[in-house]
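Participant: Below are the chains, spelled out letter by letter.
Number of protein chains: 2
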Amino acid sequence: MKVNEVAVGIDIGGTFTKFGLITRAGQVLWKDSIPTEANRPAELLFDRIFAVLNQFFSASPEKYRIRGVGIGAPNANHYTGRIENPPNLSWKSVDLVELVHQHEAQLLVDVTNDANAAALGEMIFGNARNIKDFILLTLGTGLGSGIIANGALIYGHDGFAGEMGHLTVVRDGRPCGCGRRGCLETYVSAPGIVRTVRELLAASKRESILDKIPAEKMESIDIYQAALIGDAIALEAFEVTGRILGETLSDAVAYLSPAAIFLSGGLAEAGDLIFKPAKAHMEKNLLPVFQNKVKILPSGLPQGEVALLGAAALIWHKLT
Amino acid sequence: MKVNEVAVGIDIGGTFTKFGLITRAGQVLWKDSIPTEANRPAELLFDRIFAVLNQFFSASPEKYRIRGVGIGAPNANHYTGRIENPPNLSWKSVDLVELVHQHEAQLLVDVTNDANAAALGEMIFGNARNIKDFILLTLGTGLGSGIIANGALIYGHDGFAGEMGHLTVVRDGRPCGCGRRGCLETYVSAPGIVRTVRELLAASKRESILDKIPAEKMESIDIYQAALIGDAIALEAFEVTGRILGETLSDAVAYLSPAAIFLSGGLAEAGDLIFKPAKAHMEKNLLPVFQNKVKILPSGLPQGEVALLGAAALIWHKLT
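So the protein lines, in turn, are chains A and B.
Mapping to our numbering: the first sequence position 244 is 244, numbers consecutive.
Add 1000 to the 1-based position in the second sequence for our numbering, that's all there is to it.
Hints were generated in silico from the structure; no laboratory data involved.
In silico BS3-like cross-links for lysine-lysine, where the CA-CA straight-line distance does not exceed 30 Å:
| # | chain 1 | residue 1 | chain 2 | residue 2 |
| --- | --- | --- | --- | --- |
| 1 | B | 1132 | A | 318 |
| 2 | B | 1132 | A | 92 |
| 3 | B | 1295 | B | 1318 |
Bound-form chain A, shown alone (with noise of 0.2 Å):
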């Protein structure tokens, strides 16, 4: 009978935990999602997961080698293995690799946060594949990064590296949730490109079909309707995201020189809107040794299985 040979990979959310069974391939066998009930302890959702687990395993006429479990999660740290103080969860310290053991005591378990482990994800089942230095954002709520270099997440002395979402592009500028001012996703992200909005609309008389939606109901999917019928606010809202997120990239690229630059994430699905204004503004501010060479790209995961791809990723990339 046939072993089908499996990463677990666990995608620890603020509201719901994904789970999955990743083939070497990339291919996802099996998944579900629990609610990650965030106010109960940590170990509760593992129990939970195992549960869940097991019972798929023995009713599956399959078989199945489990290779490891690859965790991301907010905060997740690489090196210690823990979830440090995660935002939206009530968790201070948690030992992931202990609470795996507690149920399968000898597997390998890799961890991470999930923007790292989504550009590990790239690299091993995307559009990254044959890439060895490149960047994968991710714009979301949030805008998180993974570096790579040489084939290697970047991890940093502590293991906190790649925090480019909080990189000061303008100083004193809007106030961010870490507490500083400025952060780079208060601009290039879904909330950011509604402030965006918002002043320019403060700022101007023509007229937007934006501005007929409530400020604190307006989400980035209308911005991107509206500009795609022409709206003036809101293709102009994209040429000043994309100009920010072009200049940080030129700086990036000045540190890292990488091949290739992925965006993903809810605000990457605007397509060129984002894309063009980027890689133009971009390309303006290279130092002339890089000019013309640095690509940027979309990710080429599936935007639901992303996180649950590049979880099961960190196994793999052990095994490689």
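Please build the complex by placing chain B on the supplied structure of chain A, with the hints as guidance.
Facilitator: Below, chain B without anything else, positioned relative to chain A:
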């Protein structure tokens, strides 16, 4: 008879080329220097280097075994082994590995630019000996940088990573030799602090002994000496320079999370005058997770031998 195992380090500069024999422990057993004669073919430079080397070997009572040749040179590329369009040298594109092999066919050869070599020298011989993640900045006539992550230099996909001197720190700021504006090195370098003093003098009515030095003759050492005796303009110039450096380093930490940042070169010799504001403004701007973790340290290598030791480190790093 004892055989001295050495790496040959070669530091090619616009005017002089230095070379020497360096042991695995970083001892410079012998060194010499000849004019680069950059307007004549590179081949002739290597003929002259090996003539001097061979003369030394035949005259020496001791025996040497050369383990390899490391070369630091402007625009030298680790991946190709070539210098490409070096500034201050008339050579267009030169294969340095081939030039060495014309004299010693089997030797291990590695090349990179001077700042990358200096970073590697710091890791192999200097103050970064037990540090796997750090950045080294050379603050001289320009600002060079070498980035080490997980114990290895970050070269990027094309060999040109680590150009922190050309990060844009002031949008539409000071013109830079690279053709762009607002580059870090137009502020944080020996000529950069001179430009800052000239701006401060022009904008201020405060007395300063620096006002007595003709603008085009002013050097960073004059500003250092003025600061030591409490000249307000000189002190403010160091504060401004350190602030811009510190703000930039807080972004560098968000990318790379290094354990330490080393400052070397002429401007770093100013000690606390530059280290203190750099550290203070870096800490002030760091994301909380990085605060009070990252050291800013002086280089542990003698300034006159940094480039030579760095070039030799290319070889000893490969052999460890």
